[in-house]
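A.B. asks: In case you want the letters, here they are:
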Amino acid sequence: MRQTTQQEDLLRGMWKENPVLVQLLGLCPTLAVTNTVLNSIAMGLATFFVLLGSSILVSTLKRWIPKEVRISAYILIIATFVTIADLVLNAVVPETHKALGAFIALIVVNCMILGRQEAFSSKNTIWRSILDAVGSGVGFIVALLMMGSVRELLGNGTLLVDTPWVVAPFGPHFEPWVIMILPPGGFFTLGVILLVLAWWKERHHVPVRPRRWPHGVTTAVEAEPVGVGASEGGA
Amino acid sequence: MGELFWILISAMLVNNFTLVLFLGLCPFLGVSGRVSTALRMGMANIFVLVITSMVASLLNAYVLPYAPYLRLISFIVVIASLVQIVEMAIKKLSPTLFRELGIFLPLITTNCAILGLAIFQTNRGYGFVEGLFFAVGGGLGLTLALVLMASIRETVEIADVPAMARNMGLVLILAGSLSLAFMGFAGLFSS
Numbered sequence: 003m004r005q006t007t008q009q010e011d012l013l014r015g016m017w018k019e020n021p022v023l024v025q026l027l028g029l030c031p032t033l034a035v036t037n038t039v040l041n042s043i044a045m046g047l048a049t050f051f052v053l054l055g056s057s058i059l060v061s062t063l064k065r066w067i068p069k070e071v072r073i074s075a076y077i078l079i080i081a082t083f084v085t086i087a088d089l090v091l092n093a094v095v096p097e098t099h100k101a102l103g104a105f106i107a108l109i110v111v112n113c114m115i116l117g118r119q120e121a122f123s124s125k126n127t128i129w130r131s132i133l134d135a136v137g138s139g140v141g142f143i144v145a146l147l148m149m150g151s152v153r154e155l156l157g158n159g160t161l162l163v164d165t166p167w168v169v170a171p172f173g174p175h176f177e178p179w180v181i182m183i184l185p186p187g188g189f190f191t192l193g194v195i196l197l198v199l200a201w202w203k204e205r206h207h208v209p210v211r212p213r214r215w216p217h218g219v220t221t222a223v224e225a226e227p228v229g230v231g232a233s234e235g236g237a
Numbered sequence: 584m585g586e587l588f589w590i591l592i593s594a595m596l597v598n599n600f601t602l603v604l605f606l607g608l609c610p611f612l613g614v615s616g617r618v619s620t621a622l623r624m625g626m627a628n629i630f631v632l633v634i635t636s637m638v639a640s641l642l643n644a645y646v647l648p649y650a651p652y653l654r655l656i657s658f659i660v661v662i663a664s665l666v667q668i669v670e671m672a673i674k675k676l677s678p679t680l681f682r683e684l685g686i687f688l689p690l691i692t693t694n695c696a697i698l699g700l701a702i703f704q705t706n707r708g709y710g711f712v713e714g715l716f717f718a719v720g721g722g723l724g725l726t727l728a729l730v731l732m733a734s735i736r737e738t739v740e741i742a743d744v745p746a747m748a749r750n751m752g753l754v755l756i757l758a759g760s761l762s763l764a765f766m767g768f769a770g771l772f773s774s
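Read top to bottom, the protein sequences are chains A and B.
In this text, residue positions in the first sequence follow the numbering used here: the first is 3, and each later residue adds one.
In this text, residue positions in the second sequence follow the numbering used here: the first is 584, and each later residue adds one.
Don't take every hint at face value.
Covered stretches of chain B, going by a simulated chain A footprint (3 or more residues, C-beta under 8 Å) [what the hints assert, rightly or not]:
| id | region |
| --- | --- |
| 1 | 592-604 |
| 2 | 632-646 |
| 3 | 720-729 |
Which residues of chain A face chain B? A few of them, derived with a C-beta cut under 8 Å, are [stated by the list, open to error]:
| id | residue |
| --- | --- |
| 4 | Thr85 |
| 5 | Val110 |
| 6 | Trp129 |
| 7 | Met182 |
| 8 | Pro185 |
Hints are computed from structural coordinates only; laboratory data are not their basis.
Beta carbons are placed, not taken as given, at the ideal position from N, Cα and C, and that holds for glycine.
Start from the sequences and build out the full structure, keeping to the hints where you can.
C.D. replies: Rendered as structure tokens:
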């Protein structure tokens, strides 16, 4: 693997290798809870916290985690941080916690987080893992905010509803496109964003390659059988 | 009995796991290229969902009342290890079935539909039998969505679309249209 600079570690995840828009990881929360800007921010911050915490812990413990059970160990670490985030959100912002529902708990199976542990934190120093986690986390928040603002603006005619800073840029006579805050709106918004990005790349003569598997899912396929074989041997 | 039937229909059509609740999107986008693969993935999912539902009910009834904060951790650990044990058992007992399910069995352990099922079932307070119907309905709904998507994509693949639409963007728009169609099932419950 080519050696990367610290700056690259930090900036890579924010746009060029954005976990959602480029790598298509962590799509469940991206589509499910981005119907308002507030929900998107809450989800993004919770995921950011879990990613940062797990990256620090994984890179600290990497020497002591046996290779055979590493995936299970990562999931356990992630689940611990998700439990913390779940309890804290429930105590601090109970309304938002209720709106996000089961999807806070489902951060555990966000493949983006597991992907960063497997691809980066398990091989690099603590400081660089922090940089990488901050970059990917910010990239995730950026993607969620893009989705959330488009969906809330078109589906409800407002921005930042349920907060003191609510604005309605289209005025009182705007007829909301209710479909945008319903499930199909999530698919449509992300689909259009991806099409626009692909169009942009095509215009700037970057070849768009079709991808059968979302990047990173293959890592899970490759990584899983190692664990299976090893646990068989251990048993 | 009527209530159980509606739990099944609701999980399968009205609150379809993939198209309405956004659970299990990775396999939905990843392995929906061919109908035969999609069908096998769906079967493996139904299988794991049923096992998960049973384990989650037992955990909810006997273990978690004593330590509610361990819910998430115990779910994910027990589900992951159980699926691996089942995989080994199938490998020994029925090599044919093992070949059919293949790589999909370990892969779907980390699928959000599985953990999602366990959490939704707990939040709604379903018992053992209700949970089973919920799992079968959810699994059938997932299979239905996968197969529908795969048939559409097989057709779209030979269509002449602009170069920029030859990636996931088009697939997501298609998924949105399917999701829109499934919203029609919501009318089933209004009467």
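A.B. asks: Each hint needs a verdict: does it hold in this structure or not?
C.D. replies: Structure-based check of all given hints:
Interface restraint, the region 592-604 of chain B with chain A: holds (3 residues with C-beta to C-beta distance below 8 Å; minimum three). With 0 residues bearing a CB less than 8 Å from a CB of chain A, the region 632-646 of chain B misses the requirement of three and the coverage assertion fails. With 0 residues having a beta carbon nearer than 8 Å to a beta carbon of chain A, the region 720-729 of chain B misses the requirement of three or more and the stated coverage is violated. Because the closest C-beta pair between A/Thr85 and chain B is about 5 Å apart, less than 8 Å, the hint holds.
Annotation: A/Val110 was flagged as interfacial toward chain B, and the flag holds, the nearest CB pair being 6 Å apart, inside 8 Å. For A/Trp129, the shortest C-beta to C-beta distance to chain B is roughly 28 Å, which exceeds 8 Å, and the interface hint is violated. Annotation: interface hint on A/Met182 violated; nearest CB of chain B at approximately 10 Å, more than 8 Å. Interface restraint check for A/Pro185: the shortest CB-CB distance to chain B comes to about 5 Å, inside 8 Å, so the restraint holds.
Comparing the model with each numbered hint stated earlier shows that hints 2, 3, 6 and 7 do not hold.
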